[in-house]
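Trainee: Residue strings, one per chain:
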Amino acid sequence: AQSVTQPDIHITVSEGASLELRCNYSYGATPYLFWYVQSPGQGLQLLLKYFSGDTLVQGIKGFEAEFKRSQSSFNLRKPSVHWSDAAEYFCAVRYSSASKIIFGSGTRLSIRP
Amino acid sequence: DTGVSQNPRHKITKRGQNVTFRCDPISEHNRLYWYRQTLGQGPEFLTYFQNEAQLEKSRLLSDRFSAERPKGSFSTLEIQRTEQGDSAMYLCASNPIEGVDTGELFFGEGSRLTVL
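Same order as they appear, the protein sequences are chains A and B. No gaps in the numbering here: position 107 of the first sequence is 147 in my numbering, and each next residue is one more. No gaps in the numbering here: position 70 of the second sequence is 71 in my numbering, and each next residue is one more.
Incorrect hints may have been included.
What the hints assert, rightly or not - In silico contact screen, one side only, chain A against chain B (beta carbon under 7 Å); selected entries: (1) Tyr72; (2) Leu84; (3) Leu86; (4) Lys89; (5) Phe130; (6) Arg134; (7) Lys140; (8) Ile141; (9) Gly144; (10) Ser145; (11) Gly146.
Derived from the structure by calculation, the hints contain no laboratory data. Even glycine gets a Cβ: it sits at the ideal position worked out from N, Cα and C.
Working from the sequences, and respecting the hints, build out all of it.
Mentor: What follows is the structure, given as C-alpha cells:
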C-alpha cells in the first residue's frame, strides 16, 4: 500500500541547533515528494518539493531535503533553527500513477530557548 | 487572488444535522481537493475534482459525504446526518495543470467542524 512514514511524533531542539526530520515512503516508483509546514491557526504551506534532477533540494525559510532512493527517504534538514520554526511538519508523496497526495502523520517541532 | 478561501471557518452542530462547507480555489486552478485532518494526524484524502468532474473519491468516505463542483470553480462538501466522529478540520486545496504537473497543492485555512 502507498504510505508515508514519519517516525518522530515530536522533536525538541534548541534554538540555533541543527534539525533533521525523517520521512520514508513506500512503493517502488519514483514519486513526487513534498514537505509542508503547518503553523498554529495557519494553512499548510509548501516548504519544498522534489520530482526529478538533483536529489538535494532547497526550499523556503532555509530548509533543504535530500532524496535517497536506496533508503526510500526524503529527510528535511535545517542547519540552524529559529524559534519561529516551531510548527507541525508533514512529509507527503504523490505517485505518478495517481493524482492524490498522501500525507504522513506529521512531526511536531518545538524549539527550546 | 489571495489564495484558497474556505467558509465557514468554524461550524458547531448537533449530531444528526447536515452541514455544508464551501471552497473557492485559486482562480484558474483546474484541480480541487478535499482533505480531512484530525488532531495529531496528517491530512487524509477525501476526494478531488478536475474542473467539474469528480475523478476520485476515497473509500473511507461514507455515503453521508458528498462533494460537488458544478461549474468547475467553487466546490461544496456536504455531510448529512453528522456524527461525533465527523468532528475534524476539513481542508480544501487546489492546483493548476501547467506543463509538468508536480502536484503541488495550495491549501486554504480549513473549516473546523465540531459535532456535539
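Trainee: Now look at each hint and say whether the structure bears it out.
Mentor: Results of checking the hints against the structure:
1. Tyr72: Result: holds, 5 Å to nearest chain B Cβ.
2. Leu84: 4 Å, holds
3. Leu86: 6 Å, holds
4. Lys89: Hint on Lys89 (chain A): holds, closest Cβ of chain B at ~6 Å, below 7 Å.
5. Phe130: 5 Å, holds
6. Arg134: 4 Å, holds
7. Lys140: For Lys140 (chain A), the interface hint holds, since the closest Cβ of chain B sits about 5 Å away, which is under 7 Å.
8. Ile141: With a minimum Cβ separation of about 6 Å from chain B (threshold 7 Å), the hint on Ile141 (chain A) holds.
9. Gly144: 5 Å, holds
10. Ser145: 5 Å, holds
11. Gly146: Nearest chain B Cβ about 5 Å off; hint holds.
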